[in-house]
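Use these hints to put chain B onto chain A, whose structure you have.
Residue numbers (my numbering), protein chains in the order written: chain A, 1 to 374; chain B, 375 to 623.
Think of the hints as simulated: they come from the structure by calculation, not from any bench.
Where a beta carbon is used, it is the ideal one built from N, C-alpha and C, also for glycine.
Keep in mind that the hints are not guaranteed to be accurate.
As the list claims (entries may be wrong) - Mimicking DSSO-like on lysine-lysine, the simulated pairs with C-alpha atoms at most 30 Å apart in a straight line are:
1) K158(A) x K458(B)
2) K471(B) x K158(A)
3) K71(A) x K593(B)
4) K564(B) x K606(B)
To be verified - For each label pair, taking beta carbons as the anchor points, the in silico distance ranges come out as:
5) N304(A) x D492(B): 58 to 66 Å
6) N509(B) x K153(A): 30 to 38 Å
7) G547(B) x K153(A): 30 to 38 Å
8) F514(B) x I175(A): 26 to 34 Å
9) D609(B) x Q42(A): 36 to 44 Å
10) N488(B) x F147(A): 18 to 26 Å
11) R619(B) x I175(A): 56 to 64 Å
12) R313(A) x D492(B): 45 to 53 Å
13) S124(A) x G547(B): 39 to 47 Å
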Amino acid sequence: MSDSPGQQSRYFLRGEVLEIDGDFTFRTIHGFIQYCRKTLPQFSGEHLTIDIEGIRSMDSGGVTAINFIRKDLEKRGIGTTLSGGSSRTRKKLDVFSEAEAGIEEESEELVRKAGYFEKLGKRSAEIFNKYVTSFFKLMSEITYWTFAGLFTKRAYRKGEVSNQAVLMGVNAALIVGMMSFIIGLVLALQSAAQLRSFGANIYIVDLTVIAMMSEMGPLITAIMVAGRSGSSIAAEIATMKVTSETDALKTMGVIPVRFIVVPKMYGGLLTMPFLTILADVLGIMGGMLIAGAYLDIAPVVFLNRMGDVLYLRDIIFGVVKSLVFIYLIVISGSYFGFSASKVDSGVGRVTTSAVVFSIALVIFADSIMGLFFY
Amino acid sequence: MEGKHSIIEVKDLISVMNNTVILSDINFHVEQGEIAVIIGGSGSGKTTVLKHLLGLYHSMDQAVSVMGENPSVLEEHEQKAFYKKIGVMYQEGALLKSLTVGENVGLPLEQHTNLPPDFITEVVRLKLQMVQLENAIDKFPSQLSGGMLKRAALARAIVMDPPVLFCDEPGSGLDPVTLYALDELIINLKEQLGMTVVMVTHDVSSVLHMADRVIFLEKGVSIFQGTVKDAKYSDHANIREFFARGMGE
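Isolated chain A (complex conformation) (with noise of 0.2 Å):
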C-alpha cells in the first residue's frame, strides 16, 4: 500500500495474481516498486498474471513501473500476463509501452554494438525517411498548386507574382548579363588559340553558340538565380516558420505552400526563360568581340555563321531546362525553408543548405537532361 496526498494505490500478490488497485501515478509507483523487489524473487509460479482492472488513474510512471516488473520476472523465465483493465487504462499502456519501446530499442542497439553496414544501412533509412520523403511530399504539393492554382481562387495577394517576377528575374538581370558576357568572352578567348593553330578559325562561332544556347547560358543564370532567389526563399520561410508565421496562416485556413511558394513559383517560371535568354545573347556577344579581335572574324561574318549553326531546337532546349531549373530552385529553397525550426535558429544553416543543395540538384538535372537532348 502506497499513498500520498490525495492519492491512494493498493498492491497485493496473491497467488499467482498480482492485483493493482487505485492511482497508480509518478506519486505512488515508488511503494509498488519496493513491494515487488521484495515479494517478487520468492514468487515461483511459472506464469504471473497482473490484474489492473482496479487501477483508476494511471501515467506514465504506472506504465513504466508494470513493463519494469514485468521485463524482471520475464529475465527469470516467468511470463507474465495483464488482465481487465478500463479503456482509458488500456489506451495509456499501448502509448507509453510504445514510446518505451523506442528507447529500448535504441539503447539495446548501442550495447550490441551494430556494425559499419548496419549503422549505414540504419542511417540511410533514418535520412530516406526524414529528408527524401518529406522532400517529394512537398514537391508533389507544390507541383499540384503550381497547376490547381491556375483553376481557382487566387491564394495570394494581389501583385505578388508580378513582384516576385521583378525580384527573381528583373532584379537579377544584370547581374547575369554580365556574368554570362564574361564567360561568352573567356571561352572563346580559350578557344580562340586552338582554332588559330588548326586554321578553324570559322568554327569559333559554332563553338560559342552552341555552347552558350544549349549548355553555359541556362546554367550560368540557374546557379545565379540560385545563389540569389534560393537563398532568398530558404531565408523567408524559415523566418516565418521560427515567427509562427507560418502556423499563423494555417489557423487563419490559408495553405502556406499556396500563399508563399506558389508566387514565387510563377514569377520565376515566367522570367527565367528570359534570363537565360538574355544570358544566351550576351555570352555570345562576348564570343563575338574576342572572334572580331583575335580572329578577324567580323560581326556580319560571325552572324551569318550562328545561322548556320544554331537550330530552334537547340533555344527551346535551353529554354525548355531553364524552366526545369527554376522549379528545381524554388522547390529546393522551400524545402530548406521549412525545414527550419525555432529549436536550432536554423536560418542561417537552412540558407547555406538551399543553396548548395539548389546548385547541386540543377547541375545533376543539366546531366540527366543533356543525356536525353543529345
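Relative to chain A, chain B alone:
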C-alpha cells in the same frame, strides 16, 4: 449559469514526440463565454496543449474537441471551415512582415469571403479601431512597438468574429501597464463579441485579472482546473507557490 455548455473538451490528451512524452494526462473543459487560462511553469507543456487544440499537432480522435471537432483529424476542406471559426493570437504576433497591418488584418476576409476590397477595408478599420490601432493601418509590422504588434495580432484574430479566441502568451515582452491594457482589451472584446477565450500564459497578474477558469499544468500533466480563488488556495503546494511568487508574496 443557464445555457452554458462545454465548448472545448480535452480528455486524456497524450503527446509523444520522438519517443519523448510531452503531455501525459491532460484533462479539462472550457465552457462557452469563459476566459480559460492555461498556466504552468516553463516547459510544462502549455503551448503544446494549445497546438493540439489548434490541430497543429495530431491528437487521438476523442482526445480533443473544439466546438465538437478535433481539428487535427479533419480533412483539408473541413479544417479550412474549422479555422474560419477560431481566431489565434500568437506569442510574437506572427504578422506577415511583407504585408501592412491593414493587409494582415484583412487577410482572413480576403481568403475566405468574396467581399469587395473596399468593404474589407471598412471591416479592417473597424477592427483596428476596436484595438485602438486605426492609425497603423498602412504601417508595416516592423514599424510597430511590441504592444502595438500584439494589438494588431489581436485585431487579425478577431476579424471574422470567431466564437473562440486562442491567445499564446499575449503578455510576453510587455511592460505591466501595457500588459494590463491588453488584458482589459481582451476582456472587453470578449464581452463585445461574445467569445470564449483560451489563453496560455505564465503571467500571474493576467490570470488574476482575467481568468474565469484556471488550468494548471505541471510536467505535462493537468493537475488542477477550477476558479482563480480555488487555485490560490489549492491543496497542491506548487500551485500555491506559483501564485504566491507571481504576486510577489
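Checked hints:
Note on K158(A) and K458(B): the hinted pairing holds, with a Cα-Cα distance of about 22 Å set against a maximum of 30 Å. A threshold of 30 Å between alpha carbons decides the hint, and for K471(B) with K158(A) the separation of about 16 Å falls inside it, so the pair holds. The suggested pairing of K71(A) with K593(B) holds, with an alpha-carbon distance near 26 Å, which does not exceed 30 Å. At most 30 Å may separate the alpha-carbon atoms for a hinted pair to count; K564(B) and K606(B) meet this at roughly 24 Å.
At about 60 Å, the CB distance of N304(A) to D492(B) agrees with the hint of 58 to 66 Å. Between N509(B) and K153(A) the CB atoms are about 32 Å apart, so this pair conforms to the stated range of 30 to 38 Å. Checking the proposed 30 to 38 Å range against G547(B) and K153(A) shows it holds: the Cβ atoms sit about 37 Å from each other. Remark: the range hint 26 to 34 Å for F514(B) to I175(A) is upheld by a beta-carbon distance near 27 Å.
As the Cβ distance of D609(B) to Q42(A) is approximately 38 Å, the hint placing it in 36 to 44 Å holds. The supplied range of 18 to 26 Å is met by N488(B) and F147(A), whose beta-carbon atoms lie about 23 Å from each other. Separation of R619(B) from I175(A) is about 58 Å and conforms to the stated range, judged on CB atoms against 56 to 64 Å. At about 51 Å, the beta-carbon gap between R313(A) and D492(B) stays in the expected band of 45 to 53 Å.
Taking the beta carbon of each, S124(A) and G547(B) are about 44 Å apart, inside 39 to 47 Å as hinted.
Comparing the model with each numbered hint stated earlier shows that all of them hold.
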